[in-house]
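Q: Each chain is listed here by its residues.
Number of protein chains: 2
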Amino acid sequence: MFSIGELSKRTGVKIPTIRYYEQMGLIEAPERSQGNQRRYSKDGMQRLSFIRHSRELGFSIGDIKGLLELSQHPEKPCHDAHNMAARRLEDVRARIAKLQRLERELKRISDCDADTVAHCAVIETLADHNLCETEH
Amino acid sequence: MFSIGELSKRTGVKIPTIRYYEQMGLIEAPERSQGNQRRYSKDGMQRLSFIRHSRELGFSIGDIKGLLELSQHPEKPCHDAHNMAARRLEDVRARIAKLQRLERELKRISDCDADTVAHCAVIETLADHNLCETEH
DNA sequence: TATAATCCCTCTAGCGACTATAGATTCAAG
DNA sequence: CTTGAATCTATAGTCGCTAGAGGGATTATA
Numbered sequence: 001m002f003s004i005g006e007l008s009k010r011t012g013v014k015i016p017t018i019r020y021y022e023q024m025g026l027i028e029a030p031e032r033s034q035g036n037q038r039r040y041s042k043d044g045m046q047r048l049s050f051i052r053h054s055r056e057l058g059f060s061i062g063d064i065k066g067l068l069e070l071s072q073h074p075e076k077p078c079h080d081a082h083n084m085a086a087r088r089l090e091d092v093r094a095r096i097a098k099l100q101r102l103e104r105e106l107k108r109i110s111d112c113d114a115d116t117v118a119h120c121a122v123i124e125t126l127a128d129h130n131l132c133e134t135e136h
Numbered sequence: 001m002f003s004i005g006e007l008s009k010r011t012g013v014k015i016p017t018i019r020y021y022e023q024m025g026l027i028e029a030p031e032r033s034q035g036n037q038r039r040y041s042k043d044g045m046q047r048l049s050f051i052r053h054s055r056e057l058g059f060s061i062g063d064i065k066g067l068l069e070l071s072q073h074p075e076k077p078c079h080d081a082h083n084m085a086a087r088r089l090e091d092v093r094a095r096i097a098k099l100q101r102l103e104r105e106l107k108r109i110s111d112c113d114a115d116t117v118a119h120c121a122v123i124e125t126l127a128d129h130n131l132c133e134t135e136h
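As you go down the protein sequences, you meet chains Z and A in turn.
Letter 61 of the first sequence, counting from 1, is numbered 61 in our numbering, and no numbers are missing.
Letter 71 of the second sequence, counting from 1, is numbered 71 in our numbering, and no numbers are missing.
Hints in this document: simulated from the structure, not taken from any laboratory.
There's no promise every hint is true.
Any copy will do: because identical chains look the same in the list, a pair fits if it lies in one copy or spans two.
As the list claims (entries may be wrong) - Below are the SDA-like pairs computed for lysine to any residue, each with C-alpha atoms no more than 25 Å apart in a straight line:
#  : residue 1 : residue 2
1  : K98       : G58
2  : K107      : E75
3  : K76       : G5
4  : K9        : A127
5  : K107      : A94
6  : K65       : A86
7  : K107      : H73
8  : K98       : T17
9  : K107      : N83
10 : K76       : D111
11 : K76       : A97
12 : K14       : P74
13 : K65       : K107
14 : K76       : C112
15 : K9        : K76
16 : K98       : D63
17 : K42       : A94
18 : K14       : R101
19 : K65       : D111
20 : K98       : E56
21 : K107      : A97
22 : K76       : A114
23 : K9        : G35
24 : K107      : P16
25 : K76       : L26
26 : K65       : R10
27 : K76       : R39
28 : K76       : Y20
Using the sequences provided together with the hints, build the complete structure.
A: What follows is the structure, given as structure tokens:
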């Protein structure tokens with residue numbers, strides 16, 4: 001049994017965020033001390049770790065609800081989990097591709113060595129999209 | 001002189017977003033028609049294009065205010081613009097690196113071909129961070 | 001010129017995933 | 001028993017929009 005502060009330290013999830021997850025129905029309301037403070041079990045900690053890890057991988061709160069549901073039912077087929085992971089993977093790849101285009105452009109425009117705004121590539125490029133090399 | 005709808009079409013910025021930018025002080029309030037509708041000049045359009053492009057590159061509204069200010073003063077030195085671009089570039093690179101780690105992990109866990117949740121790598125990995133290959 | 005279709009106005013509220021603040025209560029250590 | 005840290009609830013704010021309600025303006029056609 002540990003307090004919310006300890007749970008926070010052990011999982012790396014901030015205290016208000018834990019309470020927020022409770023409100024959102026991701027974690028169930030834990031037992032309380034006599035003075036009405038939350039007291040968590042190891043189980044609660046595992047669940048929170050699951051959530052944290054999932055968030056780090058970019059799953060939405062909605063997705064996580066589904067994944068948690070699934071993880072409670074080991075006998076169920078897991079297509080859903082795979083589909084979600086696959087969708088996330090696609091999304092991540094698209095974002096990487098987009099960011100790489102941005103990287104190229106940012107690099108190009110910040111290579112400018114003008115002194116004043118009048119000749120500055122950063123400003124010029126921002127003003128005129130046609131100066132970009134690639135689509136974005 | 002064109003309406004907000006036309007401005008929207010020409011710049012690709014949605015109408016409510018244009019009004020939002022006006023509220024945020026990114027673009028100044030344009031002239032109005034007799035019936036109180038916004039009427040934009042070519043100048044307004046260029047400013048909006050600047051904003052749009054900057055947003056696409058990931059600059060925040062706050063950053064853009066600064067960049068716009070700079071772009072109005074061609075005689076000023078442009079270190080600030082370069083610094084902002086450099087910071088953005090750093091940020092973009094960090095995000096790429098992080099996403100690539102996620103990609104590796106998502107790929108790994110979605111390669112699982114179990115049928116039920118009990119043996120599913122997706123669920124297992126989410127539950128136990130130690131199963132990950134890399135930090136994130 | 002009348003009317004209909006489309007556009008535009010303001011204002012308010014909502015999104016997701018938190019984060020911050022205020023003011024009150026409880027806990028743990030000395 | 002006192003003190004200081006931790007916790008409680010409730011509310012509001014963050015960012016960058018987006019959606020909706022309930023109206024007025026403009027434009028194209030009859």
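Q: It remains to establish, for every hint, whether it holds in the given structure.
A: Tested hints:
1. K98 - G58: Both: 17 Å inside a chain and 11 Å across chains, each within 25 Å.
2. K107 - E75: Only across copies: K107 and E75 sit 24 Å apart there, 51 Å inside one copy, limit 25 Å.
3. K76 - G5: Neither, since 35 Å and 50 Å both go past 25 Å.
4. K9 - A127: between (47 Å within a copy, 18 Å between copies)
5. K107 - A94: both (20 Å within a copy, 14 Å between copies)
6. K65 - A86: within (17 Å within a copy, 39 Å between copies)
7. K107 - H73: between (49 Å within a copy, 23 Å between copies)
8. K98 - T17: Intra 30 Å, inter 22 Å, cutoff 25 Å: inter-copy only.
9. K107 - N83: Only across copies: K107 and N83 sit 12 Å apart there, 36 Å inside one copy, limit 25 Å.
10. K76 - D111: between (55 Å within a copy, 18 Å between copies)
11. K76 - A97: neither (35 Å within a copy, 35 Å between copies)
12. K14 - P74: Neither: 29 Å inside a copy, 45 Å across copies.
13. K65 - K107: between (40 Å within a copy, 21 Å between copies)
14. K76 - C112: The answer is between: 15 Å across copies meets 25 Å, while 58 Å in one copy does not.
15. K9 - K76: neither (33 Å within a copy, 48 Å between copies)
16. K98 - D63: both (23 Å within a copy, 20 Å between copies)
17. K42 - A94: neither (37 Å within a copy, 34 Å between copies)
18. K14 - R101: between (34 Å within a copy, 23 Å between copies)
19. K65 - D111: between (46 Å within a copy, 22 Å between copies)
20. K98 - E56: both (20 Å within a copy, 10 Å between copies)
21. K107 - A97: both (15 Å within a copy, 16 Å between copies)
22. K76 - A114: between (63 Å within a copy, 11 Å between copies)
23. K9 - G35: within (21 Å within a copy, 59 Å between copies)
24. K107 - P16: neither (38 Å within a copy, 32 Å between copies)
25. K76 - L26: Classified as within; 20 Å inside a copy, 52 Å across copies.
26. K65 - R10: within (22 Å within a copy, 41 Å between copies)
27. K76 - R39: For K76 and R39, neither the intra-copy (31 Å) nor the inter-copy (59 Å) Cα distance is at most 25 Å.
28. K76 - Y20: neither (29 Å within a copy, 47 Å between copies)
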